[in-house]
Amino acid sequence: MMNNRTVERATLGGLLLLTLGACSLPAVILGTVFVKGLPAIDWAFLTRESRDFGAGGGIFYQTLGTLTLMIGAAAVSLPIALGATLFQTEFLDSKPIKQVLRLLMYSLNSVPTIIFGLIGYMFFGVLLQTGVSWLTGTLILAVMILPTMQMSLLEAIESLPLRYREAGRAMGLSAWQEIKSIVVPQSFFGIVTGTLLGLARAGGETAAIMFTATVFSGVRLPSSWTDPVTTLQTHILVLAQEAVNPQALTNAWGAGLVLLALVFVLILGSLALRARWPMEAER
Amino acid sequence: MRQSAKFEPVRWAAAAMAMISALCAGTLFLYLAVQSVPVFRARGWSFVTGSDWVAGEVYGALPMIYGSIMVTGLALILALPFALGSAVVTAEFLSSRSRLWVKSLMELLAGVPGIIYGLLGVSILTVLVRDSLGLIDGNTLLTAGILLAVMILPTIMTLSEDALRTVPREYRETAWSLGLTPMTTVFRVVAPRALPGVVGAVFLGLGRAMGETIAVMLVIGGLDRIPQPWYDLAAPAQSIPSKLGREAAEAMGSDLHWSALVGLSLILFLMVMGLTLAGNLFLRRIR
Numbered sequence: 228m229m230n231n232r233t234v235e236r237a238t239l240g241g242l243l244l245l246t247l248g249a250c251s252l253p254a255v256i257l258g259t260v261f262v263k264g265l266p267a268i269d270w271a272f273l274t275r276e277s278r279d280f281g282a283g284g285g286i287f288y289q290t291l292g293t294l295t296l297m298i299g300a301a302a303v304s305l306p307i308a309l310g311a312t313l314f315q316t317e318f319l320d321s322k323p324i325k326q327v328l329r330l331l332m333y334s335l336n337s338v339p340t341i342i343f344g345l346i347g348y349m350f351f352g353v354l355l356q357t358g359v360s361w362l363t364g365t366l367i368l369a370v371m372i373l374p375t376m377q378m379s380l381l382e383a384i385e386s387l388p389l390r391y392r393e394a395g396r397a398m399g400l401s402a403w404q405e406i407k408s409i410v411v412p413q414s415f416f417g418i419v420t421g422t423l424l425g426l427a428r429a430g431g432e433t434a435a436i437m438f439t440a441t442v443f444s445g446v447r448l449p450s451s452w453t454d455p456v457t458t459l460q461t462h463i464l465v466l467a468q469e470a471v472n473p474q475a476l477t478n479a480w481g482a483g484l485v486l487l488a489l490v491f492v493l494i495l496g497s498l499a500l501r502a503r504w505p506m507e508a509e510r
Numbered sequence: 681m682r683q684s685a686k687f688e689p690v691r692w693a694a695a696a697m698a699m700i701s702a703l704c705a706g707t708l709f710l711y712l713a714v715q716s717v718p719v720f721r722a723r724g725w726s727f728v729t730g731s732d733w734v735a736g737e738v739y740g741a742l743p744m745i746y747g748s749i750m751v752t753g754l755a756l757i758l759a760l761p762f763a764l765g766s767a768v769v770t771a772e773f774l775s776s777r778s779r780l781w782v783k784s785l786m787e788l789l790a791g792v793p794g795i796i797y798g799l800l801g802v803s804i805l806t807v808l809v810r811d812s813l814g815l816i817d818g819n820t821l822l823t824a825g826i827l828l829a830v831m832i833l834p835t836i837m838t839l840s841e842d843a844l845r846t847v848p849r850e851y852r853e854t855a856w857s858l859g860l861t862p863m864t865t866v867f868r869v870v871a872p873r874a875l876p877g878v879v880g881a882v883f884l885g886l887g888r889a890m891g892e893t894i895a896v897m898l899v900i901g902g903l904d905r906i907p908q909p910w911y912d913l914a915a916p917a918q919s920i921p922s923k924l925g926r927e928a929a930e931a932m933g934s935d936l937h938w939s940a941l942v943g944l945s946l947i948l949f950l951m952v953m954g955l956t957l958a959g960n961l962f963l964r965r966i967r
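As you go down the protein sequences, you meet chains A and B in turn. To convert, count from 1 in the first sequence and add 227; that's this note's numbering. To convert, count from 1 in the second sequence and add 680; that's this note's numbering.
So that you can see chain B by itself, here it is in the shape it has in the complex (with noise of 0.2 Å):
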């Protein structure tokens, strides 16, 4: 770095700058804090351990919470085999051309926007989800999932890949040299060095499907319901950013309902950076 003691008005400048990015973070978390006390002190720890929701009566976060959950879960499930299939064969057997070519179509793929997954849920995902299984309505866990999957393959697979890629080539020369197929170089050398990382991308990719709204709040049902039995995945439910989506505009400025809103905005807050910061902290130690 340089020294400098004359006056220096774009240090100043760029000092103020960055003063402004982290006073927009500090703001952020500071009202999620502060907005969401009247909710607690009304409410106590039945606010989160509640199941009933009845806007201007009760509010128990419950349901959302388990929604949140089981639709993450699930849209894991769903992407996990394509994404590390296709990180596996794009780290290991692709040229570089086609591997450029594959991180490409994946980076088209992460910036589809929420509403345009929406909209192909709506009108063609949850009639064949009825149809096929038979239901009265197609919006459910299920649909959520199938949607929420294809919006966190991009992160797992490309994040993945990287992981894979980090391990050095010495390791496949002698796994090679040793007359191991290609195979099993991949699954027994590679992949459990670069595991961690791996399990890092998949903590990231939680972190964003538990984010994610619009998609999700048009196709899982909103019944703020934990399903009989919970693991009816034909059910519809609610997830927290699907609920507050929903309820945002009407409670406007209405004291404990937007109160109860940006409680759960904060459980919702803790959960993706608790995910976040697990998957930052695997994703480091491959590096």
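Chain A on its own, in the form it takes in the complex (with noise of 0.2 Å):
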């Protein structure tokens, strides 16, 4: 029979080599975009219009307008994510309810993005007549990230302490001063948690918006509510398929390297304020 000491060891090496392996994943997936991505970028390739299939120019209009899908998601759905929480955590009474509206969520937040496209396109693009605009793809985003920023927001709201409550109650408040001056303010960190992670979603998506929001070339800033923009996510995808020239390869490097930079910071953001926000709640 072995040492089982050494057996012991063994063992332990063997999940740490696996632990490792794991987490140098995002150095190895951040590095290999970084380095594959550099050599495109200076301040021309982020200032100036795409041009020659990609191959010449820059990405500033396939930046602006990830940003404008992703902000516009954001802020159509914040509202709606704020208000939805507040219903269930202030308003409703009913359990029966309150698990419905759950069990929507967690499904919503399950479907493939793939699916928010298609009949995102049917709601939005045919029936709603926006077609492929913009205005589709961040009605169909703002769906999208409605239950990552809805369940972010419910825990958020539920973790504030019970006397936080109570001591408002006894002050008499209404709804919405209580609302107002001690929900609020004392989930802040983790509304704006939340916001981040909806942003970093939408920001990363491309299935949802590659026929529905999108064209590859031929447009700047949107002038109308039915314009199409250009992304981030779709020039790589056009590129990454149909590249032949090794400049627009590796431009489509570029675009990534902006791409991961965005979602990272917008993540790592999140991380940073949810290490304090537990604190907040201490107190």
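Each hint should be verified, as a subset may be incorrect.
Subject to a maximum C-alpha distance of 20 Å in a straight line, what follows is the list of computed SDA-like cross-link-like pairs (lysine to any residue) [said to hold, decoys possible]: (1) B:Lys783 to A:Ala499; (2) B:Lys783 to A:Met378; (3) A:Lys407 to A:Leu319; (4) A:Lys325 to B:Asn960; (5) A:Lys322 to B:Met699; (6) A:Lys325 to B:Ala695; (7) A:Lys322 to B:Leu961; (8) A:Lys407 to A:Glu382; (9) A:Lys407 to A:Arg392; (10) A:Lys325 to B:Thr707; (11) A:Lys407 to A:Gly395; (12) B:Lys783 to A:Glu393; (13) A:Lys325 to A:Ser386; (14) B:Lys783 to A:Leu244; (15) B:Lys783 to A:Ala502; (16) A:Lys407 to A:Val419; (17) A:Lys407 to A:Glu393; (18) A:Lys325 to B:Gly706; (19) A:Lys407 to B:Asn960; (20) A:Lys263 to A:Val471; (21) A:Lys263 to A:Pro253; (22) A:Lys322 to B:Ala702; (23) A:Lys407 to A:Pro306; (24) B:Lys783 to B:Glu772; (25) A:Lys322 to B:Ala696; (26) A:Lys407 to A:Leu387; (27) A:Lys322 to B:Met697; (28) A:Lys407 to A:Leu305; (29) B:Lys783 to A:Ala254; (30) B:Lys783 to B:Phe773; (31) A:Lys263 to A:Phe491.
Derived by calculation from the structure, the hints in this document are not laboratory data.
Got two chains here, each in a separate frame; can you build the complex from them with the hints?
If you want it as structure tokens, here you go:
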């Protein structure tokens, strides 16, 4: 029989190796995108319009398009998520209705993103006649990130210590006063965290917008509600599939680096805030 | 909850928002059901069991269902050792500071956009797979499975780690006081208690993998055929999301083709939903 101690050490060693492998993945991915994308990046690349099927120029309007869609989506989604969350935490008494609302959110959260694209196009693009446009894309992404934001807000607001509310109620605050001066300020970090995660999710999404909101080239800023935009995600998609010119592929990596940096900054922001917010609640 | 009879605008505003959010989900499910009726009416069960798909003629979803299941299963097999290994190490052996680091890294990994994986897949992984297996084309089930494995690793790892940490500390202390080694404690005492949670984590990870579109679409090969033999992982195939992504633009509004795509979405939705519900049931058992 093998020495117990040896077996013990070998197992731990193996587990540590697996952990190391898993934890090095973000670095490997970021490193690869960095190495491949950095040669493309300079001031002109970030501030110029794309030319020659992605081989020349930059990604200025692509970046603006991504920002438009994700900020628009969060702007539409936040009031809905906040209102729906407050309804559940402040006003709703009925347990069964609460459970139904929660079940709907969990189901919506599990829907594959491409399905948001298909059905969203049918509902917004065709039924509400917004066509293939930035507005359609924004609304689709808004619905897509709704469960992300709502679950995160719910967690933040439900973790408020009961005594805060009791204090408010003892002072005879109305529901509105309680929300305005206790619930929202005290769960502010949670709300910001949820919004950052929603922004990151919307900014990284491709499948839901590729045939509903974007075109590859020939557009700058939308001048009406029903104009399409061009985005970093779909720009990379087209270049990755069809680029023959090596410079165009390098530019795809450059766009990828910008996109990855954008998403990572949002996620790191949410992580940094989340590390702070429990302390706020424990005070 | 408060009791108030007087009119409060904020109550009604909040109720309206809750209504909108519920309607979003409701409308989505309704559209999925209603718009897939034509294809089921035209093709009946052969829509699910048929293995040919020629736009405008026949619609059979079997190769796509096969592809989705294979690629998801493959991703699970590849991701599981890393996800569980790191979950055990993080939950049982790391200080709370390093634990925060690992969890943050996983959160970052979970946020990497699908299109970035697609780009990595197209220009690096397909070439690697092609050269190491001596294939003509590196766009295969295996390639898609490897990419997906990386994508679902953080989901499975984070949730499994949470499950391990719900096991009360007394179990470990008792085991140690009986003279059990740390490894025996983990695998014989802690792991069995956390098992339902880990199974739940796996189901949720599978659900995520099955719905992933963009990265899979770029590297799976896009061939609507079940490989011969069926377990040939080095063959090109097709998954449901990939099929949807490739054909949505051309099928837009054209009756039966569109309905067939929505029908595919419905099948995908039911499979993902089944996995997610199962996952949540298991997770609830440990809480």
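task = Measure nothing beyond the straight line between the CA atoms of lysine 407 of chain A and leucine 387 of chain A; if it is 20 Å or shorter, mark the hint as holding.
result = Judged against 20 Å, a Cα distance of about 14 Å means the pair holds.
inquiry  = With the threshold set at 20 Å, check whether the alpha-carbon distance from lysine 322 of chain A to alanine 696 of chain B stays at or below it.
reply    = Given pair lysine 322 of chain A, alanine 696 of chain B holds - Cα atoms ~18 Å apart, limit 20 Å.
Pair hint outcome, lysine 783 of chain B versus glutamate 393 of chain A [Cα-Cα no greater than 20 Å] = Roughly 34 Å between the alpha carbons, so the hint for lysine 783 of chain B and glutamate 393 of chain A is violated.
ask   = Is lysine 407 of chain A close enough to glycine 395 of chain A, meaning Cα to Cα at most 20 Å?
value = The hint holds at about 11 Å.
query = Within 20 Å, alpha carbon to alpha carbon, are lysine 263 of chain A and valine 471 of chain A?
reply = Between lysine 263 of chain A and valine 471 of chain A the Cα gap is close to 16 Å, so the pair holds against 20 Å.
message = Checking one constraint from the list: CA of lysine 783 of chain B to CA of glutamate 772 of chain B, max 20 Å. Satisfied?
response = OK: lysine 783 of chain B and glutamate 772 of chain B at ~14 Å, within 20 Å.
task = Given the hint that lysine 322 of chain A pairs with methionine 697 of chain B, test it: the Cα-Cα distance must not exceed 20 Å.
result = Distance ~18 Å between lysine 322 of chain A and methionine 697 of chain B Cα, so the pair holds.
task = With a cut-off of 20 Å on the C-alpha distance, tell me whether lysine 407 of chain A and leucine 305 of chain A pass.
result = Holds. Lysine 407 of chain A to leucine 305 of chain A sits at ~16 Å (cutoff 20 Å).
message = Run the distance test for lysine 325 of chain A versus serine 386 of chain A: straight-line Cα separation, threshold 20 Å.
response = holds, 17 Å
task = Starting from lysine 407 of chain A, check that the Cα of glutamate 382 of chain A is at most 20 Å away, please.
result = Distance ~18 Å between lysine 407 of chain A and glutamate 382 of chain A Cα, so the pair holds.
query = Quick one, are lysine 325 of chain A and alanine 695 of chain B close enough, alpha carbons at most 20 Å?
reply = holds, 12 Å
key: Proposed proximity, leucine 244 of chain A with lysine 783 of chain B (alpha carbon, max 20 Å)   = holds, 17 Å
Checked against the numbered hints above, the structure breaks hints 12 and 19 and satisfies the rest.
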